[in-house]
Amino acid sequence: MNDFPMSASVLSYIVFLPIFTALCILLGAPARKSALCTAGLNFFFTLLGFFAYGRDEGGYQLNAVMALIPAWGLSLNFAADGLSLVMLLLTTTVTLAAVWVTPAIEKRAGLFYACIMLISAGAAGAFVSQDLFFFYAFHELALIPTFLMIGIWGSGERQKAAWQITIYLAVGSIVLLIGLIKLYLAFPPELRTFDIETLIANRDVLSAATQGGIYIWLLIGFGILISLFPFHTWAPTAYASAPTPVTMLHAGVLKKFGLYGLIRVALPLLPEGAKHWANLLLVLLVCNIIYIGLVTIAQKKVDLMLGYSSVMHMGYVFLGIAAGNVMGITGASMLMLAHGLSIAVLFAMSGEVRRLYGTLEFSKLGGIAKKHAFLGYAFGIAAFASIGLPGFANFSSELMVFFGAFSQGAIRYSTSFTPIQIATVFALWGVVISAVYMLRMYHLVFMGEPDSATTSSIQPSCTLRLPVIFLILALVVGGFFPQLFINYLKPSAQRLINEVATQTASNH
Amino acid sequence: MHQLLPALSLEIIVIVLGVLMLFAEAFAKTADRSGLARFAIFVLLCVFGFSFFTIPPPAEPTGFWRFYQIDTTALFFKRLALITTVLVLIMSLEYRSVMARFIPGVEPGHGTGEFYSLIVLICSGLMFMASAVDFTMIFVSLELVTIGFYVLVAYMRRHTQSLEAGIKYLILGALSTGFLVYGITWVFGITGETNLAKIQDKLLLGFAEHGALIGNEKALLFGVVLIMVALGFKIAASPFHLWVPDVYQGAPTPVTAFLSVGSKAAGFIILFRVLEVFLSVPVIQTKLMPLLVILAAATLIFGNLAAIPQDNLKRLFAYSSIAHAGYLLMAVVGYNSNPLGARDAIAFYMGGYLLMTLLSFLILIIVARHSRGDDISHFNGLGKRAPFLAFAMTIALASLAGIPLTVGFLGKFLAFKSAIEGGHMVLAVIAIVAVATGFYYYFRVIAAMYWQEPNDSTPIQSGLLSRISISVLAVLIIVLGVNPKPLFDKLHDQIPVISVAKH
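Residue numbers (my numbering), protein chains in the order written: chain P, 510 to 1017; chain X, 2 to 504.
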């Protein structure tokens, strides 16, 4: 492995620039300006990354490697393929929007923006690390900033929510850590390394039983981070209490880390394990969609409802992963992007509603669309996107997930459905459920005559409009030109499937 | 590498320094003794530098070398002892105004010469412990350390808590010494040797010739278990931890830090050297391993759960110190499958533990001096009052909790790896609870610093030496957490080694 200087790649800028900015802000640099500049620069760098990436060659590019402990195979290793690039795009886009929408902070603005920068750097670092150790480590960078931000600037029962999310995620990550250590130790000493690609190349040494034993740890560990049923209880309350930028980043970006990990680590390394636990995953993801969907319908506050809806939508991504074919994985990856963008808009809007009206309860709100047309339009568009109506990125990705999953389970001349087909049928009902809760909420909160209690007449400012329009544009682009993203995502998925296939072939 | 000094001269310099400081305390004309501490810091840093240029020991251990071994592990732990002592002296300088309140009729900094001198003498004991490979040497160096601590713990004569802590430490320390001597005699009675290498030879030889242990197996195990009990006291493992909370809370804070790091590090190196001998015999290993696993599990559970309700930060750190002994024991139990990995894990963990614990104690001393109390509530609003201290404290606590990209996480990672490699999944599952609770009680301090409003807003002052140390420690925690290579290289320096284990 050659030692390239870390500065050689645009990826290292995307990861380290926010950390540097956070330090500068803590040392007294103007908080909002620096953060906004960094977020903008990072978005620009991500676009640069897309241009620099040679799609014809495929695979991992833009490498930046720094070997740390050769004896363990530990190195700081950044590289990106299509999937990583799209996740980076999600990260930098949502970060830019999150920094942008932030209203004036009354207390300790420096700490606030430094925390956002750290969360963003952690997510970006996790998405581009090709080293198991740093893949894990970067994700945890967000832990303390999240804890601080919910505790200081949150609303409602913020301290309780902060504790809940911190302890829950700590448990999740420690379970994940044990799984990863088991994975590392399952290789014979001479093959042990943290380099994910090398591990995949040597994965034939893992027997099916070993794989099963490790996969369940990873599934639970990642599952807690993704809010897989029944480990989801932290998510809605935390999202409801957290300040808007944190919710946007967490629901939009950080939660995708677990899914990304399943696609990047668990599937290619432990295909037999994934098969062994496939039915369990199907049951859990149907619970995610149907049970959480019904819970979402019962909500009476906008923020909690959005929190539950984001938990529910994870079920679709899981379905794409469970399908385990090119179309399913591509759809799942695309859905991560689409969901991240749409939930970010929704939470930005609900944050604005709370700022203007001081409450998010359905019973106290009404007719917002009449008073604040922009809020009505933007929320409506994002809600439609979230339901999965055509014209938005969510539609194309959910379609791919459903087709992928259903065709995966198809057995020729069979008269009965396979488990994954049954799960797909349930998942399709989930679309109806999301339509029910979204439209019901929209009707209650945005339509009708303005309530006398809701007398605020301040119009949302430009600081809110521009980033929201920016996010919605991205959603629409994904809806009308999904090929733009699929061209990057599909080769990654294809390579993953090939890797899985060679393993299965060599085992039989 | 140039080799200038025989290894033993490191200890000799430290002892001479300690004795000279005692003389200076007795005969010096000026009343302020803080200069003595600064001088000691300088000398100890020089000794730390010298430790990189030691002459390797003779190939065949004869005479004194049968008692005193110099290998990479020994050198590593000697350096840990030196750095710990330097930082404890810096803390003592910050602490002298508090101490003056409880020592009759003195100005801040007066009459503290013997305090500094005892710290330096204990340091020499810790350094001897790192090299001790004979039960007599182990006993003598251990007592040198323990007796020094008897005085230091009770040093604030007008402070009832300090006195109470002193008595408790004296009685329980004496008890554990008793266990140790008793255990050593049993082992000596069976094997006829006090030298660890020779004991191992005899056991293995007897095993090879007769297919069984020499002497009575139960008697030997009895002796080994007694020794383990005694060392359990030193490393604060449950159920031998009962002295820890009271003593840690009552002792002067620099002494608490010293106990928590120095005493524990030396305890672990000895525990490891002793266990290395007995675990190499399969019959004993199968009997001893379950005991060690139970010890680790109990320590993890008790240390963490009992820390939850603590409101006093020193007491919280006492329980956290027990909890960390649990993680270290997790590393020890991996010995059966990967001895080298277990040794690395312990040494690395101790190195990281030193950085984060001393950093948090240093900040605790500075904050407690201004707030006149060391409860968690005294840290309220520190993020506003002293952003630098709060930020450094956050790094220390994050590392103690084991958040990645800090040195504490790497230590935990190695401990987990060691335990899982040894096949002790039970411990790994218990450790999930332990780590999660750890997050709770360490984050309580972070929450106090950033969520709460300050009780008073007077600026907090600290000495230049402390500010430098705080910055260096905080930076090291992060840098070594991202790139542990420098610390690991020190563990794998190729110097000629006379290994205890001769297979």
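Worth flagging that the hints you see were computed from the coordinates, not collected in a lab. Heads up, the beta-carbon is just placed ideally off N, CA and C, and yes, glycines get one too. Mixed in with the good hints, there may be bad ones.
As the list claims (entries may be wrong) - List time: in silico DSS-like cross-link candidates among lysine-lysine, alpha-carbon distance up to 30 Å:
hint, chain 1, residue 1, chain 2, residue 2
1, P, Lys691, X, Lys491
2, X, Lys203, X, Lys219
3, X, Lys385, P, Lys542
4, X, Lys219, P, Lys691
5, P, Lys669, X, Lys385
6, X, Lys385, P, Lys616
7, X, Lys199, X, Lys219
8, P, Lys873, P, Lys809
9, P, Lys691, X, Lys486
Unchecked claim - One side only, chain P facing chain X, incomplete, derived with CB under 7 Å:
hint, residue
10, Pro579
11, Ile676
12, Ile683
13, Ile687
14, Ile690
15, Gly867
16, Glu870
17, Leu937
18, Val940
The hints, checked one at a time:
Between P/Lys691 and X/Lys491 the alpha-carbon distance is near 27 Å, which keeps this suggested pair within the 30 Å criterion. Taking the CA atoms of X/Lys203 and X/Lys219, the gap is about 17 Å. The hint holds against a cut of 30 Å. Between X/Lys385 and P/Lys542 the CA atoms are separated by roughly 22 Å; this keeps the pair inside 30 Å, and the hint holds. As the CA atoms of X/Lys219 and P/Lys691 are separated by approximately 36 Å, the hinted pair breaks the 30 Å bound.
Between P/Lys669 and X/Lys385 the alpha-carbon distance is near 22 Å, which keeps this suggested pair within the 30 Å criterion. The straight-line distance between the Cα atoms of X/Lys385 and P/Lys616 is roughly 10 Å, inside the 30 Å bound, and the hint therefore holds. Distance restraint check for X/Lys199 and X/Lys219: the Cα-Cα separation of roughly 20 Å lies within the 30 Å cut-off, and the hinted pair is therefore satisfied. Pair hint P/Lys873 plus P/Lys809 holds up; C-alpha atoms about 10 Å apart against a cutoff of 30 Å.
Between P/Lys691 and X/Lys486, the direct Cα distance comes to roughly 23 Å. Compliance with the 30 Å bound is thereby established for this hinted pair. Taken as an interface hint, P/Pro579 does not check out: its beta carbon lies about 9 Å from the nearest beta carbon of chain X, beyond 7 Å. With 7 Å as the threshold, the beta carbon of P/Ile676 comes within range of chain X, its nearest partner Cβ sitting at about 6 Å, so the hint holds. With a least beta-carbon distance of about 5 Å to chain X, the hint placing P/Ile683 at the interface is held under the 7 Å criterion.
For P/Ile687, the interface hint holds, since its Cβ comes within 7 Å of a Cβ in chain X; the closest pair sits about 5 Å apart. For P/Ile690, the interface hint holds, the least distance from its beta-carbon to any beta-carbon of chain X being 5 Å, beneath 7 Å. The beta carbon of P/Gly867 comes no nearer than 22 Å to any beta carbon in chain X, farther than 7 Å, and the hint placing it at the interface is violated. Violation of the interface hint for P/Glu870 is found here, the shortest Cβ-Cβ separation to chain X being roughly 26 Å, above the 7 Å cut-off.
Given the 7 Å rule on beta carbons, the hint for P/Leu937 is violated: about 37 Å separates it from the nearest Cβ of chain X. Because the smallest distance between the Cβ of P/Val940 and any Cβ of chain X comes to about 37 Å, over 7 Å, the interface hint for this residue is violated.
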